[in-house]
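J.: So you can see what is in the structure, the chains are spelled out below.
Number of protein chains: 2
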Amino acid sequence: MNIYDVSKHAGVSIATVSRVLNGNPNVSEKTREKVLKVMDDLGYTPNVFARGLGLDTMHTVGIMCSDSSDPYLAGAIYYLERSLRSHGYDSILCCTGYDLEVKQKYFSLLRSKRVDAIILAGSKFVEMRPRDNAYLLEAAADLPIMLVNGWLEGDNIYSTLCDDREAVRQAVSLLIRTGCQNILYLYSSHSYSGLSKQAGYKDALEAAGIPLRQELIHQCSKDAEASRDLLLSLADQGLVFDAVMTSDDSLAVGAVKYAHARGISIPDKLSIIGYNNSLLARCTDPEITSVDSKVEALCTATVNTLMGVFSGENVPSRTTIASDLIIRSTTKRRFQT
Amino acid sequence: MNIYDVSKHAGVSIATVSRVLNGNPNVSEKTREKVLKVMDDLGYTPNVFARGLGLDTMHTVGIMCSDSSDPYLAGAIYYLERSLRSHGYDSILCCTGYDLEVKQKYFSLLRSKRVDAIILAGSKFVEMRPRDNAYLLEAAADLPIMLVNGWLEGDNIYSTLCDDREAVRQAVSLLIRTGCQNILYLYSSHSYSGLSKQAGYKDALEAAGIPLRQELIHQCSKDAEASRDLLLSLADQGLVFDAVMTSDDSLAVGAVKYAHARGISIPDKLSIIGYNNSLLARCTDPEITSVDSKVEALCTATVNTLMGVFSGENVPSRTTIASDLIIRSTTKRRFQT
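First to last, the protein sequences are chains A and B. Every letter in the first sequence is one number past the one before it in the numbering used here, and letter 161, counting from 1, is 161. When you read off a place in the second sequence, starting at 1, and then add 1000, the result is the number in the numbering used here.
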């Protein structure tokens, strides 16, 4: 018995049920009575949303992240914690690693603490196989699940995403406009975010009428040395490329190392673009042009959406935030005409 | 009224009082009776240590860190959370920033949550002026305060430290043995850890009979560009140096950038050593020789000490962990004879 049963039986939206529970005046008296009657008939006791009223809340939100020592996720945790605290909520942190069973175990643990919501930071929490996400859909019947840069369709699940596809499309378009013709694409993950980025690469090629060549697309673990070694080996196999677009700054650092190892001039002979605009992008010489995926805005928007859910507002299940491309010295300035 | 009053009045150690409270058999019957009588006389109700018994515990530890987007602290939070969880404890995270008032506010907030202990991650929580640390000493009467890489003397305050002084001494000695004569020292903080590192620099010079020159010691904000610009300006002022020892990898990255900007060959004409052995040290070309300050071991030892405190063991108030020097390509291999 939960708020979804009430919504179904009363023939109103979940947001309406939640408004009734919160005493929000934007509900007609007729609807309010209908909802209250259904609750009574079903013997429903407010749970999640009562917490939003401060009746039964710990004012605590669980944050799960796969690995807080990843610079992107470390930033996300910082901004999430800060934003939650500004709304009077504590954060219980769980660093889960990447194993599904371990993630599920920690997820249950957080639920047993009666947290008011669970935020999943990073795109590694949504699995490829639908049945592996069933535990998230089930849990969402009881508490809001917030995804930061991940996407899963379901009631009471809210996603805040960077527009990764558009970000990569713009970046690759810049490479094309500055004269690059053989643009290698290096990525590390098949997550929702990972697939969106790859789609952006294809969009840009298609818009420019450049045929897609699978031999230019390569997966690589998120590590500068792995990326450098992969590029060395691809070059040794005779693959020709004059630009490297990457899904993460660490891969772009590897591309800079590859160019240094082979004495290739950046950006004249090789252009490179990173992703996430992390500290790493500013460590190399030359410094790396990188997509600013707006992690702070993403985290603030996630928490704002959650506060909307708590107060029974009609919040969007999906919010998309535009990225910026931060131009540094691994891309050419002059456009080819 | 707290456990320290009991210990003082009974004339036994805090560890003994805690053993009595925990029913530990390693206490003589006579001592046990004396302690119980003093508690009775003073009207003392067990508090902190009762929690260790599971009588009144949330099994939750507060972690404060100044900035989890700092790579070193992000790693620390990850290891602390993992280690606490392996002992069945949750972590409530607070990212405080560097302002004393804000730190104090968050500290009070954590105490009001009745956490079982508070871990202060990083050396930025101990202030220079003793009166600014009074709130920590007061709080320690009620719950254990754990410092990760910080040091403050007081009952129920436990420090786990990297031997920063020895680490820098070894690193600077390596520079001297490989022929460097004018070793610049760049640091960012006057924290306990910051001062220890600087002492290590002086130790190494003294051991080699090299006079200390204040014009070779410079403070710089923890940022690669700030470090590069400082070195450019020092060189322009005519300062001569053939090595840069730094208190953080970001400063060492700046030194590499300085050398590239001026066409100075690394390590032949300039040797560079970083600190913390973070991801940053492996982003540059050449990669940076750096002190591994053993953040994982530091965090695990902190949590082990805390578990000892909870179970009334006689734990050391200070644990020091030895560092490693990870040799990469910014230092010379050949010793000068």
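Everything labelled a hint here was simulated from the structure, so no lab data went into it. Take the hints with a grain of salt, since some may be wrong.
Below, a list of computed lysine-lysine pairs in the DSS-like style, where the Cα atoms sit at most 25 Å apart [as the list claims (entries may be wrong)]:
1) K332(A) x K269(A)
2) K294(A) x K269(A)
3) K222(A) x K1294(B)
4) K1030(B) x K294(A)
5) K1332(B) x K1294(B)
6) K1202(B) x K1332(B)
7) K1030(B) x K1008(B)
8) K1113(B) x K113(A)
9) K1222(B) x K1294(B)
J.: Next pair to validate is K294(A) with K269(A); report whether the Cα-Cα distance is within 25 Å.
T.: 30 Å, violated
J.: Is K1222(B) within 25 Å of K1294(B), Cα to Cα?
T.: Judged against 25 Å, a Cα distance of about 20 Å means the pair holds.
J.: Can you confirm whether the C-alpha distance between K1030(B) and K294(A) stays at or below 25 Å?
T.: With a Cα-Cα distance of about 65 Å, the restraint between K1030(B) and K294(A) is violated, given a limit of 25 Å.
J.: Quick one, are K332(A) and K269(A) close enough, alpha carbons at most 25 Å?
T.: Between K332(A) and K269(A) the Cα gap is close to 10 Å, so the pair holds against 25 Å.
J.: Would you mind confirming whether the straight-line C-alpha gap from K222(A) to K1294(B) stays at or under 25 Å?
T.: Holds. K222(A) to K1294(B) sits at ~22 Å (cutoff 25 Å).
J.: Verify the proposed pairing of K1202(B) with K1332(B), using a straight-line Cα cut of 25 Å.
T.: 21 Å, holds
J.: Measure nothing beyond the straight line between the CA atoms of K1113(B) and K113(A); if it is 25 Å or shorter, mark the hint as holding.
T.: 14 Å, holds
J.: Are the Cα atoms of K1332(B) and K1294(B) separated by 25 Å or less?
T.: Holds - the C-alpha atoms of K1294(B) and K1332(B) are around 24 Å apart, at most 25 Å.
J.: Please work out if K1030(B) and K1008(B) have their alpha carbons no farther apart than 25 Å.
T.: 17 Å, holds
When held up to the earlier numbered hints, the structure conflicts with 2, 4 and fits the remainder.
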